[in-house]
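Enquirer: Residue numbers (our numbering), protein chains in the order written: chain A, 1 to 485; chain B, 1001 to 1493; chain C, 2001 to 2095.
If you're looking for bench data, these hints aren't it; they were derived computationally from the structure.
Be aware that one or more of the hints could be misleading.
Unchecked claim - Listed below are the simulated SDA-like cross-link pairs for lysine to any residue, each with C-alpha atoms no more than 20 Å apart in a straight line:
#1 A/K264 to A/F231
#2 B/K1240 to C/R2010
#3 C/K2075 to B/A1371
#4 A/K78 to A/G427
#5 A/K395 to A/Q467
#6 A/K139 to C/V2093
#7 A/K264 to C/G2036
#8 C/K2092 to A/F231
#9 A/K139 to A/T123
#10 B/K1307 to C/T2046
#11 A/K421 to A/F360
#12 A/K88 to C/T2053
#13 A/K88 to B/G1372
#14 C/K2005 to B/R1360
#15 B/K1417 to C/T2046
#16 A/K418 to A/E406
#17 A/K224 to A/H21
#18 B/K1417 to C/N2032
#19 B/K1417 to C/K2018
#20 A/K147 to B/G1339
#21 A/K88 to B/V1379
#22 C/K2018 to A/P374
#23 A/K311 to A/M270
#24 A/K88 to B/G1339
#25 A/K88 to B/A1356
#26 B/K1292 to B/M1273
#27 A/K166 to A/A295
#28 A/K421 to A/D388
#29 A/K147 to B/G1372
#30 C/K2092 to B/K1003
Computed from a predicted model, the values in this text were never measured in an experiment.
Below, each chain spelled out in residue letters.
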Amino acid sequence: MSYIIQGDTGDWEVIVGLEVHAQVSSQAKLFSGSPTAFGAGPNSQVSLIDAAMPGMLPVINGYCIEQAVKTGLGLNAKINKTSVFERKNYFYADLPQGYQISQYLHPVVGEGIVTVDLADGTTRDIGVERLHMEQDAGKSMHDQDPKRSFIDLNRAGVCLMEIVTKPDIRSPEEAGAFVRKLRSILRYLGTCDGNMEQGSMRADVNVSVRKVGEEGYRTRAEIKNVNSVRFIMQAIEIEAERQVDIHESGGEIVQETRLMDPVKGETRSMRAKEFAHDYRYFPDPDLLPLELTDAFIEGLRKTLPELPDAKKQRFMDDMGLSAKDASALVADRESAEYFEAVAAASDPKKAANWVTNDLFGALNKAGLAIADSPISAAHLSKLLGLMDDGTISGKIAKDVFEIMWETSGDPEQIVEDKGLKQITDTGAIEAAVDAAIASNPEQADEIRQGNDKAIGWFVGQIMKATQGKANPQQVNQLLREKLKG
Amino acid sequence: MSKLNELTIAQAADGLDKGEFSAVDLAEASLAAAEAAKGLNAFITLTPEVARDRAAASDARRAKNGALGPLDGVPVAVKDLFCTEGVPTTAASHILDGFTPTYESTVGRNLIDAGAVMIGKTNLDEFAMGSSNMTSYYGPVKNPWTGPGGEDLVPGGSSGGSATAVAARICAGSLGTDTGGSIRQPASLCGIVGMKPTYGRCSRWGIVAFASSLDQAGPFARTVEDAAILLGAMAGHDPKDSTSAPHDVPDFRAAVQGGVKGLKVGIPREYTMDGMPAEIQTLWDRGADWLKSQGAEIKEVSLPHTKYALPAYYIVAPAEASSNLARYDGVRYGLRVDGDTLDDMYANTRGEGFGAEVRRRVLIGTYVLSAGYYDAYYVKAQKVRTRILEDFTKAFDDVDVLLTPTAPNAAFAIGAKMDDPIAMYLNDVFTVPANLAGLPGISVPAGLDKDGLPLGLQLVGRPFDEETVLRAAQAIEDAAGFDALPKYLGGQG
Amino acid sequence: MSLDKNDVRRVAFLARIKVDEADLEPVAQDLNNIIGWVEQLAEVDTDGVEPMTGAAGMVMTRRDDVVTDGGDPEKVLSNAPDRVGDFYTVPKVVE
Chain A
1 MSYIIQGDTG
11 DWEVIVGLEV
21 HAQVSSQAKL
31 FSGSPTAFGA
41 GPNSQVSLID
51 AAMPGMLPVI
61 NGYCIEQAVK
71 TGLGLNAKIN
81 KTSVFERKNY
91 FYADLPQGYQ
101 ISQYLHPVVG
111 EGIVTVDLAD
121 GTTRDIGVER
131 LHMEQDAGKS
141 MHDQDPKRSF
151 IDLNRAGVCL
161 MEIVTKPDIR
171 SPEEAGAFVR
181 KLRSILRYLG
191 TCDGNMEQGS
201 MRADVNVSVR
211 KVGEEGYRTR
221 AEIKNVNSVR
231 FIMQAIEIEA
241 ERQVDIHESG
251 GEIVQETRLM
261 DPVKGETRSM
271 RAKEFAHDYR
281 YFPDPDLLPL
291 ELTDAFIEGL
301 RKTLPELPDA
311 KKQRFMDDMG
321 LSAKDASALV
331 ADRESAEYFE
341 AVAAASDPKK
351 AANWVTNDLF
361 GALNKAGLAI
371 ADSPISAAHL
381 SKLLGLMDDG
391 TISGKIAKDV
401 FEIMWETSGD
411 PEQIVEDKGL
421 KQITDTGAIE
431 AAVDAAIASN
441 PEQADEIRQG
451 NDKAIGWFVG
461 QIMKATQGKA
471 NPQQVNQLLR
481 EKLKG
Chain B
1001 MSKLNELTIA
1011 QAADGLDKGE
1021 FSAVDLAEAS
1031 LAAAEAAKGL
1041 NAFITLTPEV
1051 ARDRAAASDA
1061 RRAKNGALGP
1071 LDGVPVAVKD
1081 LFCTEGVPTT
1091 AASHILDGFT
1101 PTYESTVGRN
1111 LIDAGAVMIG
1121 KTNLDEFAMG
1131 SSNMTSYYGP
1141 VKNPWTGPGG
1151 EDLVPGGSSG
1161 GSATAVAARI
1171 CAGSLGTDTG
1181 GSIRQPASLC
1191 GIVGMKPTYG
1201 RCSRWGIVAF
1211 ASSLDQAGPF
1221 ARTVEDAAIL
1231 LGAMAGHDPK
1241 DSTSAPHDVP
1251 DFRAAVQGGV
1261 KGLKVGIPRE
1271 YTMDGMPAEI
1281 QTLWDRGADW
1291 LKSQGAEIKE
1301 VSLPHTKYAL
1311 PAYYIVAPAE
1321 ASSNLARYDG
1331 VRYGLRVDGD
1341 TLDDMYANTR
1351 GEGFGAEVRR
1361 RVLIGTYVLS
1371 AGYYDAYYVK
1381 AQKVRTRILE
1391 DFTKAFDDVD
1401 VLLTPTAPNA
1411 AFAIGAKMDD
1421 PIAMYLNDVF
1431 TVPANLAGLP
1441 GISVPAGLDK
1451 DGLPLGLQLV
1461 GRPFDEETVL
1471 RAAQAIEDAA
1481 GFDALPKYLG
1491 GQG
Chain C
2001 MSLDKNDVRR
2011 VAFLARIKVD
2021 EADLEPVAQD
2031 LNNIIGWVEQ
2041 LAEVDTDGVE
2051 PMTGAAGMVM
2061 TRRDDVVTDG
2071 GDPEKVLSNA
2081 PDRVGDFYTV
2091 PKVVE
């Protein structure tokens, strides 16, 4: 599905590359032992190292290295056995050292691939250029004092993974799908909690446009620090339109950093300083090159969980699920685990139907995550079992589902308490059929004369009379025997 | 018996063991000597309370459980580049005005754990950038040795205060740091022993950083044995420093007595300089003879890239410094000079807070790392550094230790060379190569020049082979019998 | 390569060191003196030579992921020249 901007001079396409910053889910910071938890009091999670006191030295957190390598493996990427931490030198209020320790020429992870699922059921491969580790900066607060900005270094030194894509993305939808897929992979791996509201994941969005059919790239702009999938997609739309307008009115795009203003629905230039960008990268002399052994890498590979793409394929191949259902179920790890628990004792396709339609529908309506579902996987599995063994009908099952949603109750107990068991006693059904025929002689005659359509009407009457508990197949069969036999 | 402040560490330890005097007695003698020597300006901060507390604690400890070791109760001075918990730390810079660390450097902690008694923080070149102690915000240090016309001389730098404190017999030992010669050169100019161990031997944690890949802490003392005792207490692996070597600390004091019989000593032919005083060449030759007469084998070796060490150093060290000193920004500690904008505040603070030499080096370092120049300067210098290391590695295939002069000149007048930075930088021409290659080096006083000023000889060894360096140094010390005293102590020089 | 006034202005800005307009020229001369001297390194053949990094033969040690620090704002704020509560401050930044 191509995304085309129709300009006055012709059709334009958009070229997008993303730099996603994902916070590693570690207890302590990348180079210091202070905590990473969200929401603590100002400067209460700051060590002497984070505050860049004189003489302080960084020592790397081994867990962060493992998470970066695991993520690289999850992105089908090349792991570089030697990588180097460099200093990115610049002055800013929230950067106490006057440099950020990052990786530049030699990142820990090289090229990889992420396959994204699009709304029309197709997939696209987006190239990953690299993944590197770096320190997060602190926070400046500008609205607490008329003359000063306040600085909180709690985030300073938290480990980020910066994941850079190739300029392979061609639409806002693809960008959104990439970020969702990446978040899903990170969550499967457990390397980042993917929580965009708390800033655990955010993206810099590089956007340029070109005429359809044109070779090469035009100048791009970078929209910094966009913190939701929706805003990322919106930023691309807005920025692409802005650039098309400029190109078509004969202007030039300036290579610059811009900020997204979701309220005004525009991007605006950040104040660019003269000589602002000269980061003077050089290898950090306080650290040694990061050397990884094959045994280390292969040991981590063994710990990888089944990732969404493999899981989706298995759901399709082994369980016969549709691509659409399989995609929906693997989108996050909890859903997939829930589904597998339900499907374990039941027909997988039926389980998929109930999970994707009934359960997801109810969760969406209530705005709940699967982890907060009032219906446990064990209970839903039991409900499907009650249908499978004929204890209740599909119709009754829907009613039981409603009660389970309200009460979190056990379906067996609900069926028992409310007397919802299907009537399988032939005598009781026969009595109901006889009663119906007796009280509706005209309709019975029609059937005897060969109008089969009326059978359905009779079934309905009998189901109503039995409050849905009669087995409809049995009713149907008895009616035919008695009226046409 | 000599005055308590004139004892060596070994003598002081012996006297304490025998109960001839207490640690408090030693501390009081050192504090009094420091007071009397105020004119030398060797100290930025004296710490009499700390000294008296630690000395009393040492005496109590000794009475109860015996001494911790030879440093227990011995007064030492600490270069004011080591962060000291609760004691102001300045790096001799205006920009650290009012800074009192809430932490103790690892080396400082190791000395406290060994029972040493800090009497004060010594003066230095600002941020350890200098070879004369002239760049200190707190004014120059006077060498206890004086010129032939009675003129005041520099003690060398950057650890000029620590060298002066030991040379003036204020205390028996002191701590310095050596990035390009900042221990060995002042040791030579002050007539004492100064040692830079192998890079990674002593933790850098808590020492104000100048150039991270070159900085090493080390001891000053009046004897090789004392230097070995101090180094033994300072050294050791520190998990808080990623560049700290995970090696056990050998018994350096025992190594000193090993002798040089059969030792192969290299004489690098490139360590002669145009205009170098003849006495230095003579002393160097004499040093080789001393070692030979004690059973060492003397071999000429070649270190062909020696002349490029100093220019490589003056790219690498300023580059690292420009980044290491970025944290002095008026926000979290030290001086703040206000400005209308954030950038103005930074520029004002750093413009006023840094002295001329620091500003010069930060600007050079920034320039050589900047876009378009990085490969031509910084990467090139790091490649030359590899060449220099290769030279040493090759030489150490043939010899066990190298013997060179420490500095190309004796102490010079305060104020000299200040208008010619390169002439000043040349002071470190013989010491810088060991820093670039990370090797251990020591300067031992070996004689006097024609003006009666001390000159040192340098020994450089293989990585983590301080023991051989110390053995050879002891042999020089034994042969030289250096006992001249500076005029400050009633001597001739 | 030699620096002119504009280079000094740029480098001084990057380093955030105030250099008065009148001093740009003398500072440029001073720096050129040193830069010209270090350029003798160009004489050294460094083809195929790796730049020196880190201490030779050492492996970088790694910490365990345990919280061992933080929780003491006073320890990092006590030296701040212009603190407000538990915040550091800087002149107001307009983004």
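Enquirer: Give a verdict on every hint.
Expert: Hints, verified against the model:
Of the supplied pair hints, the one linking A/K264 and A/F231 holds, its CA atoms being roughly 12 Å apart against a limit of 20 Å. For the hint pairing B/K1240 with C/R2010, the CA-to-CA distance comes to about 36 Å; that exceeds 20 Å, so the pair is violated. Restraint check: the Cα-Cα separation between C/K2075 and B/A1371 comes to about 38 Å, which exceeds 20 Å; the hinted pair is violated. Pair hint A/K78 plus A/G427 does not hold up; C-alpha atoms about 70 Å apart against a cutoff of 20 Å.
A distance of roughly 11 Å separates the Cα atoms of A/K395 and A/Q467; the hinted pair therefore holds under the 20 Å criterion. A distance of roughly 12 Å separates the Cα atoms of A/K139 and C/V2093; the hinted pair therefore holds under the 20 Å criterion. As the CA atoms of A/K264 and C/G2036 are separated by approximately 54 Å, the hinted pair breaks the 20 Å bound. With a C-alpha separation of about 28 Å, the suggested pairing of C/K2092 with A/F231 is violated against the 20 Å cut-off.
Of the supplied pair hints, the one linking A/K139 and A/T123 is violated, its CA atoms being roughly 38 Å apart against a limit of 20 Å. Restraint check for B/K1307 and C/T2046: the C-alpha separation of about 15 Å stays at or below 20 Å, so the hint holds. For the given pair, A/K421 sits about 26 Å from A/F360 by alpha-carbon distance, which is inconsistent with the 20 Å threshold. Proximity of A/K88 to C/T2053 is assessed by CA-CA distance (about 17 Å); at most 20 Å being required, the pair is judged to hold.
A C-alpha spacing of about 16 Å is found between A/K88 and B/G1372, which places the hinted pair at or below 20 Å, so the restraint holds. Distance hint between C/K2005 and B/R1360 is fulfilled; the C-alpha atoms sit about 15 Å from each other, no more than 20 Å. In summary, the hint linking B/K1417 to C/T2046 is not supported, as the alpha carbons are separated by about 33 Å, beyond the 20 Å threshold. A hinted pair counts as satisfied when its Cα atoms are at most 20 Å apart, and A/K418 with A/E406 qualifies at roughly 15 Å.
Only pairs whose Cα atoms come within 20 Å are accepted, and A/K224 paired with A/H21 is accepted, the gap being roughly 11 Å. Simply put, B/K1417 and C/N2032 have alpha-carbon atoms about 18 Å apart, close enough for the 20 Å limit, and the pair holds. Pair hint B/K1417 plus C/K2018 does not hold up; C-alpha atoms about 25 Å apart against a cutoff of 20 Å. Taking the CA atoms of A/K147 and B/G1339, the gap is near 11 Å; set against the 20 Å cutoff, the hint holds.
Between A/K88 and B/V1379 the alpha-carbon distance is near 16 Å, which keeps this suggested pair within the 20 Å criterion. At roughly 64 Å between alpha-carbon atoms, C/K2018 and A/P374 are farther apart than 20 Å, so this suggested pair is violated. Of the pairs offered as hints, the one joining A/K311 and A/M270 is violated, with about 43 Å between alpha carbons and a cut-off of 20 Å exceeded. Of the pairs offered as hints, the one joining A/K88 and B/G1339 is violated, with about 25 Å between alpha carbons and a cut-off of 20 Å exceeded.
With a C-alpha separation of about 26 Å, the suggested pairing of A/K88 with B/A1356 is violated against the 20 Å cut-off. As the CA atoms of B/K1292 and B/M1273 are separated by approximately 24 Å, the hinted pair breaks the 20 Å bound. Between A/K166 and A/A295 the alpha-carbon distance is near 30 Å, which puts this suggested pair outside the 20 Å criterion. Simply put, A/K421 and A/D388 have alpha-carbon atoms about 13 Å apart, close enough for the 20 Å limit, and the pair holds.
Proposed proximity of A/K147 and B/G1372 is contradicted: the alpha carbons are some 38 Å apart, above 20 Å. Our distance criterion of 20 Å between C-alpha atoms is broken by C/K2092 and B/K1003, whose separation comes to about 59 Å.
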